[in-house]
Amino acid sequence: PDNNLAERDLRPTVIARKVSFGSSSDAGAKTRSILMSILHTLNKRRGDQSLESIFKTLLDELAKNPNVQIGPLFPLPKSIPRN
Numbered sequence: 001p002d003n004n005l006a007e008r009d010l011r012p013t014v015i016a017r018k019v020s021f022g023s024s025s026d027a028g029a030k031t032r033s034i035l036m037s038i039l040h041t042l043n044k045r046r047g048d049q050s051l052e053s054i055f056k057t058l059l060d061e062l063a064k065n066p067n068v069q070i071g072p073l074f075p076l077p078k079s080i081p082r083n
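The opening position of the sequence shown corresponds to residue 1 in this note's numbering, with each subsequent residue numbered one higher.
Calculated from the structure, these hints are not laboratory results.
Each residue gets a CB set at the ideal place from its N, CA and C atoms; glycine is no exception.
One should not assume that every hint holds.
[Stated by the list, open to error] Distance condition first, Cα-Cα at most 30 Å in a straight line; then the derived DSS-like pairs of lysine-lysine:
| id | residue 1 | residue 2 |
| --- | --- | --- |
| 1 | Lys44 | Lys30 |
| 2 | Lys18 | Lys44 |
| 3 | Lys30 | Lys18 |
[Unchecked claim] What follows is a set of in silico ranges between Cβ atoms, one per label pair, in the way DEER data are often shown:
| id | residue 1 | residue 2 | range |
| --- | --- | --- | --- |
| 4 | Pro66 | Arg45 | 17 to 25 Å |
| 5 | Glu7 | Leu51 | 19 to 27 Å |
| 6 | Asp60 | Phe21 | 30 to 38 Å |
| 7 | Phe21 | Val68 | 35 to 43 Å |
| 8 | Leu42 | Arg11 | 17 to 25 Å |
| 9 | Gly47 | Ser23 | 26 to 34 Å |
| 10 | Lys64 | Arg8 | 32 to 40 Å |
| 11 | Asn67 | Lys18 | 33 to 41 Å |
| 12 | Arg17 | Leu42 | 16 to 24 Å |
| 13 | Val68 | Thr41 | 15 to 23 Å |
| 14 | Gln69 | Lys44 | 17 to 25 Å |
| 15 | Pro12 | Glu52 | 28 to 36 Å |
| 16 | Asn67 | Ser20 | 29 to 37 Å |
Construct the complete structure from the given sequences, taking the supplied hints into account.
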């Protein structure tokens with residue numbers, strides 16, 4: 001059993017790491033943790049958008065301009081106003 005929402009959110013990632021026998025290097029572990037953090041954050045913020053459409057938008061914009069600031073392209077929950 002889990003204690004709270006944060007633990008429930010982490011559980012699938014921890015199980016996947018255990019099943020795949022973890023990372024073979026510190027750099028791999030760091031990369032995996034960064035990617036999982038981004039994916040979980042996007043999943044919570046996406047609203048009606050699919051993750052696929054969010055990534056398509058991000059990749060299309062990066063293809064047009066590799067120096068684009070991607071922060072404004074990420075969806076925000078309705079409760080957080082954009083400055």
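Hints, one by one, checked against the model:
Restraint check for Lys44 and Lys30: satisfied, since their Cα atoms lie roughly 21 Å apart, inside the 30 Å limit. Under the criterion of a C-alpha separation no larger than 30 Å, the hint pairing Lys18 with Lys44 is consistent with the structure, at around 24 Å. Taking the CA atoms of Lys30 and Lys18, the gap is about 15 Å. The hint holds against a cut of 30 Å. With their beta carbons about 24 Å apart, Pro66 and Arg45 fall inside the hinted range of 17 to 25 Å.
Between Glu7 and Leu51 the beta carbon distance is about 22 Å. The supplied range of 19 to 27 Å therefore holds. At roughly 35 Å, the beta-carbon separation of Asp60 and Phe21 lies within the given 30 to 38 Å, and the hint holds. Restraint check, Phe21 to Val68: a C-beta distance of roughly 37 Å satisfies the suggested window 35 to 43 Å. Between Leu42 and Arg11 the beta carbon distance is about 18 Å. The supplied range of 17 to 25 Å therefore holds.
Hint check: Gly47 to Ser23, Cβ distance near 32 Å, so the stated range 26 to 34 Å holds. Range check, Lys64 to Arg8: about 38 Å between beta-carbon atoms, so the 32 to 40 Å window is met. A hinted range of 33 to 41 Å for the beta carbons of Asn67 and Lys18 is consistent with their spacing of about 39 Å. Range check, Arg17 to Leu42: Cβ separation about 19 Å, and the 16 to 24 Å hint holds.
Evaluation of the 15 to 23 Å hint for Val68 and Thr41 yields a pass: the beta carbon distance comes to about 19 Å. Checking the proposed 17 to 25 Å range against Gln69 and Lys44 shows it holds: the Cβ atoms sit about 21 Å from each other. A beta carbon spacing of about 19 Å between Pro12 and Glu52 contradicts the range 28 to 36 Å that was offered as a hint. Checked against the hint of 29 to 37 Å, the C-beta distance between Asn67 and Ser20 comes to roughly 34 Å, which is consistent with it.
Checked against the numbered hints above, the structure violates only hint 15.
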